[in-house]
Amino acid sequence: AQTVTQSQPEMSVQEAETVTLSCTYDTSESDYYLFWYKQPPSRQMILVIRQEAYKQQNATENRFSVNFQKAAKSFSLKISDSQLGDAAMYFCAYRSGSGSARQLTFGSGTQLTVLP
Amino acid sequence: EPEVTQTPSHQVTQMGQEVILRCVPISNHLYFYWYRQILGQKVEFLVSFYNNEISEKSEIFDDQFSVERPDGSNFTLKIRSTKLEDSAMYFCASRGGLAGTDTQYFGPGTRLTVL
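The listed protein sequences derive, respectively, from chains A and B. When we follow the numbering used here, the leftmost residue of the first sequence carries the number -3, and every step to the right adds one. When we follow the numbering used here, the leftmost residue of the second sequence carries the number 8, and every step to the right adds one.
These aren't lab readings, by the way, just hints derived from the structure by calculation. All the given hints hold, so there is nothing to weed out.
Lysine-lysine pairs mimicking DSS-like chemistry, simulated, CA-CA at most 27 Å apart:
hint, chain 1, residue 1, chain 2, residue 2
1, A, K74, B, K49
2, B, K64, B, K49
3, B, K49, A, K66
4, B, K49, A, K69
Model the full assembly from the supplied sequences, consistent with the hints where possible.
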């Protein structure tokens, strides 16, 4: 079974600075997808960014980018120019590329605080 | 932009009672999911549903749980006889199922409190 590990329960960053959240995963599959979801205090799960394992290029969405190291099974999220609205719990998630169900396996989350 | 909706936002029930949590997935999506998040813990997969049947379920999804798509738009999760440990946030999610639409979109969740 696949596992996802987020080793940083809490992180903080100054507004306008850059922060990197870590995620590692364990799988024997070669075809899979990785995601970062944001969960603000409302507890809604909001997709931040996704990465296909077959793509070598790191995904980028505005101020959010990932550093995907397939051999090391590492998938970190970099938030540039941090804003107060970025404060939330961030979950890394894995999804197999095979099988019809394709459910997500989540890490335990990193609580990000943005300091003014 | 289409979104997944869930009702109610908060449900309080007595232990042993039945509850039904409702979800309306995005209209052209084919795969539907329920996840659970106990307060302070990670989000856990419960069940996936495709073509009017369960395609995968976790060990959490025991005989107390059932899912249904009664009318082609709603997707429900029923807990037959609630326990204290069922208190959690329940998220519905859906995805398109076609190439390039593998992302799961989540609803806002239903907070279930069992007293």
